[in-house]
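Given next are the chains, with one letter for each unit.
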Amino acid sequence: MATVELRGLCRRFGNVVALDHLDLEVGSGEFVSLLGPSGCGKTTALRIIAGFEWPDSGEVLVEAKDVLGQPANKRNMGMVFQAYSLFPNMTAQQNVEFGLRVRKQSHEVRAQRARELLELVGLGSALNRFPRQLSGGQQQRVALARSLAIQPSVLLLDEPLSALDAKVRVQLRAEVRRIQQELGITTLYVTHDQEEALSISDRVAVMSQGRIEQLGTPAQIYSGPRTAFVANFVGTMNQLEGTVVSMEDRVVRCGPLLLSVPDPTFNHPAGETVELFLRPEDIGIEVLSNGTQLVPGQFEGRVTSLTFLGPVTRVGLTTDIGPLLADVSSAVALNLAADTVVAVKLDSASLRSIAR
Amino acid sequence: MALAEPGRKTKVPVGSVTRKRSRSRRWALLGALPFFAYISIFLLIPTGELIVGAFRTANGAFTLSNISDIFHPPYPQAFEFSLELSALSAVMGGVLGLLVANAVLHHGVPRFIRPAFVSFSGMAANFAGVPLGFAYVATLGTLGVVTTLLEHLGLDIYPSFSLQGLFGCALVYMYFQLPLMILLMIPVIEGLRKEWREAASNLGASSLMFWRYVGLPVITPSLLGLMVLLFGNAFSAYATAETLGVSNLVTIDIANLINGDITINPQDAYALALAMIVIIVVTIVVYALLQRRASRWLR
Amino acid sequence: MAQVTAADAARPKDHRFRRARNRVPVWHVIWLVLAALVFLVPIYSVVQFSLAGVQPGQSPFHWYLTVFDDPMFRSSFWLSIQIALETVAVSLVLMVPTVFWVHLRLPGLRPVMDLISILPFVVPPIVLVVGLLPFLKNITFLFVRPEVLSLIYVVFALPFLYRALDAGLRAIDLRTLVEAAESLGAKTPRTLLLVILPNLRAAIIGGSLLTIAISMGEYTVASLLEFNTFPVYTYVIGTSTAYEGVALSFISFIFVWAAMLALYLLGRGGRSAAAVAITDYN
Chain E
1 MATVELRGLC
11 RRFGNVVALD
21 HLDLEVGSGE
31 FVSLLGPSGC
41 GKTTALRIIA
51 GFEWPDSGEV
61 LVEAKDVLGQ
71 PANKRNMGMV
81 FQAYSLFPNM
91 TAQQNVEFGL
101 RVRKQSHEVR
111 AQRARELLEL
121 VGLGSALNRF
131 PRQLSGGQQQ
141 RVALARSLAI
151 QPSVLLLDEP
161 LSALDAKVRV
171 QLRAEVRRIQ
181 QELGITTLYV
191 THDQEEALSI
201 SDRVAVMSQG
211 RIEQLGTPAQ
221 IYSGPRTAFV
231 ANFVGTMNQL
241 EGTVVSMEDR
251 VVRCGPLLLS
261 VPDPTFNHPA
271 GETVELFLRP
281 EDIGIEVLSN
291 GTQLVPGQFE
301 GRVTSLTFLG
311 PVTRVGLTTD
321 IGPLLADVSS
331 AVALNLAADT
341 VVAVKLDSAS
351 LRSIAR
Chain C
1001 MALAEPGRKT
1011 KVPVGSVTRK
1021 RSRSRRWALL
1031 GALPFFAYIS
1041 IFLLIPTGEL
1051 IVGAFRTANG
1061 AFTLSNISDI
1071 FHPPYPQAFE
1081 FSLELSALSA
1091 VMGGVLGLLV
1101 ANAVLHHGVP
1111 RFIRPAFVSF
1121 SGMAANFAGV
1131 PLGFAYVATL
1141 GTLGVVTTLL
1151 EHLGLDIYPS
1161 FSLQGLFGCA
1171 LVYMYFQLPL
1181 MILLMIPVIE
1191 GLRKEWREAA
1201 SNLGASSLMF
1211 WRYVGLPVIT
1221 PSLLGLMVLL
1231 FGNAFSAYAT
1241 AETLGVSNLV
1251 TIDIANLING
1261 DITINPQDAY
1271 ALALAMIVII
1281 VVTIVVYALL
1291 QRRASRWLR
Chain P
2001 MAQVTAADAA
2011 RPKDHRFRRA
2021 RNRVPVWHVI
2031 WLVLAALVFL
2041 VPIYSVVQFS
2051 LAGVQPGQSP
2061 FHWYLTVFDD
2071 PMFRSSFWLS
2081 IQIALETVAV
2091 SLVLMVPTVF
2101 WVHLRLPGLR
2111 PVMDLISILP
2121 FVVPPIVLVV
2131 GLLPFLKNIT
2141 FLFVRPEVLS
2151 LIYVVFALPF
2161 LYRALDAGLR
2171 AIDLRTLVEA
2181 AESLGAKTPR
2191 TLLLVILPNL
2201 RAAIIGGSLL
2211 TIAISMGEYT
2221 VASLLEFNTF
2231 PVYTYVIGTS
2241 TAYEGVALSF
2251 ISFIFVWAAM
2261 LALYLLGRGG
2271 RSAAAVAITD
2281 YN
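Residue numbers (the numbering used here), protein chains in the order written: chain E, 1 to 356; chain C, 1001 to 1299; chain P, 2001 to 2282.
Some hints here could point you the wrong way.
Claimed, not checked - Taking lysine-lysine and the DSSO-like style, the derived pairs with C-alpha atoms no more than 27 Å apart in a straight line are:
1) E:K74 - C:K1194
2) E:K104 - E:K65
3) E:K74 - E:K104
4) E:K345 - C:K1194
As the list claims (entries may be wrong) - Examples of chain C residues toward chain P, derived with CB under 10 Å:
5) A1032
6) L1044
7) E1049
8) T1057
9) A1061
10) F1062
11) L1064
12) L1132
13) M1174
14) V1281
Derived by calculation from the structure, the hints in this document are not laboratory data. Heads up, the beta-carbon is just placed ideally off N, CA and C, and yes, glycines get one too.
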């Protein structure tokens, strides 16, 4: 399978910078997601790889060979679009066969391959249905089968699930990953849904304003965000501002409290203002009944809101170090109400600090 | 209006409510009366009169002789020429209109092209009639600007070419058929989703292959429907051809029968007009059926 | 990464990308040029032809001057304008309240209206004249007055005006506006006049311009009913003196061009005019 490398891709549309010296390497058989908000350049990058757009400068190398000189229809890549890409005048089978028809394969070869692929995506029974007779999810499965029929070296997916219902999305993304792993095909996946990216990718590239903010495994991105943007974009983050007291001891003053940040990568000099990030699930809450003392490491907080999220409830708190969001199991949350005073404990090991 | 209290049963006389509703509807219909009266007087009744008149002799007796007259010369030749002219200008306008509309919509084309073509098409489509006839006399007439230019280049288009002939007249008709087709074709081509083209290209198809397997099949019902529309448009035309001096056109024959220059034979005029209506109704029905087919693909 | 910028600027590949992006296939250019020729060559020929054939010593605008001097030119042009304006007046008085009323109170009648709006295509002018002629000949007082042309032209303009008004009414929330006006005490006619009409300005003006263009250019009925409107005058003059006919043709072209330009400019500013009208009423 092919490797893909992007070198220094730049593209502007008028005054807007869509891509700002984008560099990326995707290994053979790897599943890399481009994750970011609208306008971050992820779709532009994908379309440049596919050949529907050209950069102002930069290189795109597939198997170490420059493809920018090739027109889109010669690059042998599979692409799945967001919606409406199936040819309306052809059945599912004919759609899947299309790439092979263009390559002048015989009727039997085409039909056989189409049937195989439609089985692979779970639509073996829908061979003769027209796109308008298929649901959104089914159409995207056919689109996937169609893109795989030509045995492409690279698979590109442009927000393929964005237009579908939530339940279908969750179901289908797992299938996309399963098929990708089965075929071992190098894949680039564009999405704005961070849950989607984190759940199915080998690596995630978080993008903003035309550049990659951070590239890493889902765990690295989630637990170790390196910029404020990544921290805030991926999952919910508590964000606190503090001043470094000591670099060697890794202590930060946050309001009236001193927080210790055991993160081994802590390298901010004393006096520097830093942003501290902590996930809601890394904050613990205990109801403070009258008379109970605060244990060292705990501080006081008051409940301001309760948001039921299913298995957990998100508790909004005001504290001396600022507003916080904490996730507690919904069973525990039953004991909480607005204005309840609670003891708050932070899991310091999960605190991340980023210079202001 | 007193609100009924819960628990207290109020008796509602059902009959009077429905009577009130239908009475107000009748009043409302009165509001549309002037319009329908006008249409009846100036459109429906005259049409009815001529349909009936087609089956009457000058004295009012029932007859089929008017209808049978249509099948005697010179009328069949007139129908043949009218139908051929309409078909030719529909095909010429249709094909070129398709190609131009597609070119106008190409993404690489300068921005001003589309509004320029759309506004000029709007203008050209309204230029039909007497002025258009003289415009082409000035262009391709015996002393026309293009005619003399071609003569200088060694190409003598006369006498084989004639503005009153099939090809010449169709060429003149292009001036209003082409812009009409362009205006109506642009939305149809825009209905071809960008994703289809890109998917086809991604799967290895050239632009021609896209058109052959996806583009043309999808727009063919609309394309044919619009060409049928152009056909009807050309078939109904009168002023342009009259100015050019065309002689054997159905519309011109009808005019000659009622304007009292040579013979006045309104009965035959009625029959010819009836035949025209029948032909046009057929084209509209075909057009409607093709439009229904078209909407299936382009949803 | 910073050094890449300098290297980028030096790369010849940049121009390749820009060219590849904007490449227009040759065929498209050919069709566009061909269409442009079809549209523009006759106009050029008209201009050239109308300035030709003059005797030495005469002004190159000889044919135009001849035509302008002809009193028939002015009277026929004026007649056509009058008829066009009358057509617009009758059409608006007939159509605006009707379409308004149907949208408001008789929505079930919409399909009927849609059908009627395409009837004039089924009954082209030549056919309509055949049906009307005997009928009109008996109403001699009307038959000799040119107003009868206006009444007939209303039918030809019907499809275009109906489509414009229908679209205009569909774009505004008619029911809400009427109910708001009623709650403020206005009765229906007043509502129509003061509330709805300003919001339909673009549609009305657009439809009226099309009506004027149709009326000014109509030949079939005018010639068969023997009225000397501008197209009829053009025909008579042109079939005897080609040069003058072509000059008149150019004058017609300018007129249609001006009407369409007005329509286009209106289309650009039309929506804002309607928006201003709405805020005026707030």
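* Straight-line Cα separation of K74 of chain E and K104 of chain E no greater than 27 Å? -> Between K74 of chain E and K104 of chain E the Cα gap is close to 15 Å, so the pair holds against 27 Å.
* To do: Answer holds if the nearest beta-carbon of chain P is closer than 10 Å to that of F1062 of chain C; otherwise answer violated.
  => Cβ of F1062 of chain C sits 18 Å from chain P, so the hint is violated.
* To do: Using 10 Å as the Cβ threshold, decide whether T1057 of chain C counts as touching chain P.
  => violated (14 Å)
* Are the Cα positions of K104 of chain E and K65 of chain E separated by 27 Å at most? -> This hinted pair holds, its Cα atoms lying about 26 Å apart.
* **Hinted contact A1032 of chain C with chain P - closest CB pair below 10 Å** => holds (6 Å)
* **Restraint outcome when E1049 of chain C is required to lie within 10 Å of chain P by C-beta distance** => holds (5 Å)
* To do: Please verify that hint: A1061 of chain C, Cβ, nearest Cβ of chain P, below 10 Å or not.
  => violated (16 Å)
* Asked: Holds or violated: are the alpha carbons of K74 of chain E and K1194 of chain C at most 27 Å from each other?
  -> holds (19 Å)
* Take a quick look at whether K345 of chain E and K1194 of chain C sit within 27 Å of each other, Cα to Cα. => Distance of about 54 Å is beyond 27 Å: violated.
* To do: Grab the minimum C-beta distance from L1132 of chain C to chain P and call the hint holds if it beats 10 Å, violated otherwise.
  => holds (8 Å)
* Asked: If you take the shortest Cβ to Cβ gap from L1064 of chain C to chain P, is it below 10 Å?
  -> violated (19 Å)
* Asked: When the nearest CB of chain P is found for M1174 of chain C, is that gap smaller than 10 Å?
  -> holds (6 Å)
Of the numbered hints given earlier, the model fails hints 4, 8, 9, 10, 11; all others are met.
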